[in-house]
Amino acid sequence: MKLKLLSIALGAVAFGAVSSASAATLDDVKAKGFVQCGVSQGLAGFSNPDDKGNWTGLDVDLCRGVAAAVFGSGDKVKFTPLSAKERFTALQSGEIDILSRNTTWTMSRDTQLGLNFAGVNYYDGQGFMVRKELKVKSALELSGASVCTNTGTTTELNVADYFRTNKLDYEIVAFEKADEVVGAYDAGRCDVFTTDQSGLAAQRLRLTNPADHVVLPEIISKEPLGPVVRQGDDQWFNIVKWTHNAMLNAEELGVTQANVGEMMNADNPAIKRLLGTEGAFGEKLGLGNDWAANIIKAVGNYGETFERNVGENTPLKLPRGVNSLWSKGGLQYAPPVR
Amino acid sequence: MTDTNISVANVSFVRGKMDPALPPPISESGIVGWMKKNLFSSTSNTIFTLIAIWLLYIIVPGFLQWSLFDAVWSGGDRLACATTQQGGELPVGWNAACWPYIGAYMKQFIYGRYPDHELWRVNIVFALFFIGLAPLLMPSIGFKKLNLILMLGVFPLVAFILLTGGSLNYSGFLLPNFIMAPSLLKFWIDFIILTAIVIGIVYGLMRATDSDPAPAVRQTLFAMGVLALVMLIASTDFGLEEVETDRWGGLMLTMVIAITGIVASLPLGILLALGRQSEMPFVRLFSVIFIEGWRGVPLITVLFMSSVLLPLFLPDGVTFDKLLRALIGVALFSAAYMAEVVRGGLQAIPKGQYEGAMALGLSFWQSMRMIILPQALKIVIPGIVNTFIGLFKDTTLVSIIGLLDVLGMINSSLSDPKWATPVQALSGYLFGAALFFVFCFMMSRYSIFMERKLDTGHKS
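Chains as they are written, first to last, in my numbering: chain A, 76 to 413; chain B, 81 to 540.
Keep in mind that the hints were calculated from the coordinates and are not lab data. Treat the hints loosely; a few may be bogus.
Stated by the list, open to error - Computed list of chain B residues with no C-beta within reach of chain A, every gap over 12 Å:
| no. | residue |
| --- | --- |
| 1 | G173 |
| 2 | P195 |
| 3 | Q357 |
What the hints assert, rightly or not - Partial list, derived from the structure: chain A residues whose beta carbon lies under 8 Å from chain B:
| no. | residue |
| --- | --- |
| 4 | G120 |
| 5 | N123 |
| 6 | G128 |
| 7 | P156 |
| 8 | T164 |
| 9 | D261 |
| 10 | A277 |
| 11 | Q306 |
Ideal Cβ positions, reconstructed from N, Cα and C, are used throughout, including at glycine.
Sequences are here, hints too, so could you generate the full structure?
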């Protein structure tokens, strides 16, 4: 056994030399042949392994998109499931190349951790769910309510802020794990269940009678979720940022996974620039000019990934809402390719 | 008178044959008697019995109803286990286990996310493990020494190669890179230099203590040779696809961590226990610091240190495999506990045994190996197995550093909206509990068997 341990130890040192946190992430990624992507240990719709063990979700598709931009194939990506506590260390130490793990973009994270947020691929916000029988129409009527939530997350702090500023009495009933929170709410231990809106949609499936509950209109926090990269590597930062932007531009221009082949012959100059039939935008990123075409082929445009992972036809049934394109009244806005 | 005498003699008041034994009174035998003796022998006993029956009455039928009679056994997604309110077909108010969800995830619960087409490798390792372990556990089968060498020497290497894919790349570890570029050749040159250094140290030590250096040097050479052979085999390309440890998971990962911990902690623990009782101050001090240090921190802290802090200390670009870090942490942690268990056994041995061993002229190691440890370890079998069982269950803590053992896998599967129902989590946890119970119960039964087997009658 000692021999085994030693041999693993030496082997690991040798393995370890493979991944590297040096400045040129793109070169490292090309050398090792895949993108190492940090994801959650399981969050429905965002990064979640299905019962076959394949990773699916909005955050996962972004990583596949980056892999497609670099290698032309969305399969050249490996996923590292990370807990909330270790996610930033994993990125800082070079264990992963991108952190795409429903991470909220905050100022302190952006400025103090040596990391950069490359965009927002989902605008989330904290919401409330209550029983219909309470006949509550607004969160402002929740004075004296007991609130079920997770411990140690920003959710708890947001609730405290919101109830204090509105001078409402409340009582927190906090649990460690999401299924405990839902169980307690379902059993009637508290009046209100609060978490991010996407989470409310997912947890609703676990209630005894989902129709008895209603989500209140108030959104009490801003939770812009996006991919994170290390500071100091602008090229890689740009690649991740423009992967997301390319998916948005593709939706805006009507380029989909199904029609991307035909669109290569389109006359629209914006589409030509995006798909690389005109100009050399990909080369300037250090990629091939068909980088965006490869992304669309691999995962589709932003709207398609949204519908596939969290949209109306999935169990989550999340409305597009603020995540619509800017042209449809939402917040998703990408700078043009030109 | 005579007649009378004869007639008296003829009256057979002595029985010629035995009367058949009567069955014991109905109140003392059979079920009634057993119950009277064991369940209702006194007022307090009767009260406890009634309470126990009442508890069983409220728990067992409900449990069976939930887990078996009302449970759903087949289906393709959450709708199979959903009531009409939740969008399914089951009656409102239904609440019972959802087994098709376990069925759909069974492969992940056992193998983690190990690639489908490579699962045979894990199966072979499982099979080899049980085939190798069974004869080792049965006292009636011989060849224990050979078996032990196979299980502790060959099996780990085979398992390592099969599970990871082998063909490690070495790039050297000793000489700075500007003298020679990292390569396989440099690794072996480094290895030879290391061997020379180690032999030098051993030789020097032996000379300093006025012993004959030849046997020690021979043994060291042999050990380094074995090490080189192991590393050579580990670096050989057997044409197996590499499977990174982050795809390992489920029961397989639990077993890897638990078995590594168990196998590494016993010898380390014995050494530490001996070290703590040693008369050499440095050895004693080291052992005490090691044991108290590791016992003083919770396992979660150790795992966190290994996964969050350690990468920050290491130079840029060097990352240790996360599983390896956890394995080392778990092994050292349980070694500290094991050391204290073994020390308990050592202290229970009467001083006369130590003195007797010395009087026979045995060296320290001889007396430990032949006199003290066999007795001491026999005494502490329950404590050792206790530590093993604790370690087996503690492996679930690795899920906080992103390694998905059985429980981590169950937790991770709970986020799948395809199976999300109110009963999903309970079904998953029940399955996990049953799995852990089976393993821990087997270990505990085996420990009782060994205690009886090795009982030499000193207890009474």
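Quiz item: Holds or violated: is there a CB of chain B closer than 8 Å to the CB of A/T164?
Solution: holds, 5 Å
Quiz prompt | Minimum beta-carbon distance criterion (8 Å), A/D261 to chain B | solution = holds, 6 Å
Quiz prompt | Least C-beta distance between B/P195 and chain A, which was stated to exceed 12 Å | solution = For B/P195, whose nearest Cβ neighbour in chain A is about 9 Å away, the distance does not exceed 12 Å, so it is violated.
Quiz item: Would the stated hint for A/G128 survive a check requiring a Cβ distance to chain B of less than 8 Å?
Solution: Check passed: Cβ of A/G128 comes within 4 Å of chain B, closer than 8 Å.
Quiz item: Holds or violated: is there a CB of chain B closer than 8 Å to the CB of A/N123?
Solution: With Cβ-Cβ at 5 Å, under 8 Å, it holds.
Quiz item: Taking the closest pair, is the beta carbon of B/G173 still more than 12 Å from chain A?
Solution: violated, 8 Å
Quiz item: Is the interface hint for A/Q306 satisfied, with its Cβ closer than 8 Å to some Cβ of chain B?
Solution: violated, 14 Å
Quiz item: Hint check: is the beta carbon of A/P156 less than 8 Å from a beta carbon of chain B?
Solution: holds, 5 Å
Self-check item: Consistency of the no-contact label for B/Q357, given chain A and a CB cut of 12 Å
Solution: holds, 22 Å
Quiz item: Given A/A277 was flagged as interface, is its beta-carbon under 8 Å from a beta-carbon of chain B?
Solution: holds, 6 Å
Quiz item: Should the hint that A/G120 touches chain B count as held when the rule is a Cβ pair under 8 Å?
Solution: holds, 7 Å
In terms of the numbered hints stated before, the structure departs from hints 1, 2, 11, listed from lowest to highest.
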